[in-house]
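Chains U and C supply the protein sequences, listed in that same order. Heads up: the first sequence begins at 1 in our numbering, then just goes up one per residue. Heads up: the second sequence begins at 155 in our numbering, then just goes up one per residue.
For the record, the hints were derived by calculation from the structure and aren't laboratory data. Being a predicted model, the structure only gives us computed values, none of them experimental. Certain hints may be false.
DSS-like mimics (lysine-lysine), calculated; alpha carbons at most 27 Å apart, straight line [to be verified]:
no., chain 1, residue 1, chain 2, residue 2
1, U, 34, C, 207
2, C, 171, C, 207
3, C, 218, C, 171
4, C, 171, U, 34
5, C, 207, C, 218
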Amino acid sequence: MLGQHPYAHPTVVAVPGAIAFGIVNTVATFAVAKRATAGVTGRTRLRASEIVISVALWIGVFAVMGVLIATGVSDSLTYGLYPACVPLIAAGLPWAAIMAGRADWRRCAQALAIAVVGIAGLFAVPAGAWLVAGVGICLVLLGTAAIVARRQRA
Amino acid sequence: MPDDGLDPLIHVPTRLKIVATLAALPEGDALSFTRLQDMLGLTPGNLIIQLRKLEEADYISSEKTRNGSVSLTTVVLTTRGRTALDSYRQALRDLLGGL
Chain U
1 MLGQHPYAHP
11 TVVAVPGAIA
21 FGIVNTVATF
31 AVAKRATAGV
41 TGRTRLRASE
51 IVISVALWIG
61 VFAVMGVLIA
71 TGVSDSLTYG
81 LYPACVPLIA
91 AGLPWAAIMA
101 GRADWRRCAQ
111 ALAIAVVGIA
121 GLFAVPAGAW
131 LVAGVGICLV
141 LLGTAAIVAR
151 RQRA
Chain C
155 MPDDGLDPLI
165 HVPTRLKIVA
175 TLAALPEGDA
185 LSFTRLQDML
195 GLTPGNLIIQ
205 LRKLEEADYI
215 SSEKTRNGSV
225 SLTTVVLTTR
235 GRTALDSYRQ
245 ALRDLLGGL
């Protein structure tokens, strides 16, 4: 984002830009997922309760971030550690529980690994937390892709 | 299902498409008849005939549910069907491996 220093709070331009990106990304993701899974039923489909809990948790993460901003918590925590780590934990742990309930151990392990990346980021400095999150997610995704590719070749 | 060679039941292009499409779903998930028909571009009659042959061999199973006046037919690849596809893939690899 133009004029945005990475370690300072967001500029007036950055906030609506980030929100717009988030909305477009979410809508596009849901549209593609809905199209791809049309006509698919079965045990791997998410139940309404699971969707509601996941969405509530996700909204809750950013609601808490709003509270941190409103209460004047330091920028390094509000824009450094928190957004780099907490969303990964909040998304990873419930997803791992949902996948464990379906006995889908590969996806369960993947979700746990994402949560572990978030927890590891908490032990870093604010800028380092983003580095840990970026590198960690990259490794988890590459590892998962390697496992899938290996299984398909077998 | 033969122990080696290409399974003639799967080797037919239309049935291979059906089995491959269903195999792309996670185990235990089913696909509606209409979506399968849309994806493969088959007529309902042709699809029913091919599904029946696969069902007789226990490669797929189908279930019909009714919600009011709407009925929904879903198709799922069985464990036997998945194994047969794996064997078919291996046989094809062995056959073409030297090329």
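Outcome of the hint check:
1. Between residue 34 of chain U and residue 207 of chain C the CA atoms are separated by roughly 31 Å; this puts the pair beyond 27 Å, and the hint is violated.
2. Between residue 171 of chain C and residue 207 of chain C the alpha-carbon distance is near 14 Å, which keeps this suggested pair within the 27 Å criterion.
3. Using a Cα cut-off of 27 Å, the hinted pair residue 218 of chain C and residue 171 of chain C holds, with the two alpha carbons roughly 22 Å apart.
4. Annotation: proposed proximity of residue 171 of chain C to residue 34 of chain U holds, straight-line Cα distance about 22 Å (limit 27 Å).
5. Pair hint residue 207 of chain C plus residue 218 of chain C holds up; C-alpha atoms about 17 Å apart against a cutoff of 27 Å.
In this structure, only the earlier hint numbered 1 is contradicted, and the remaining ones agree with it.
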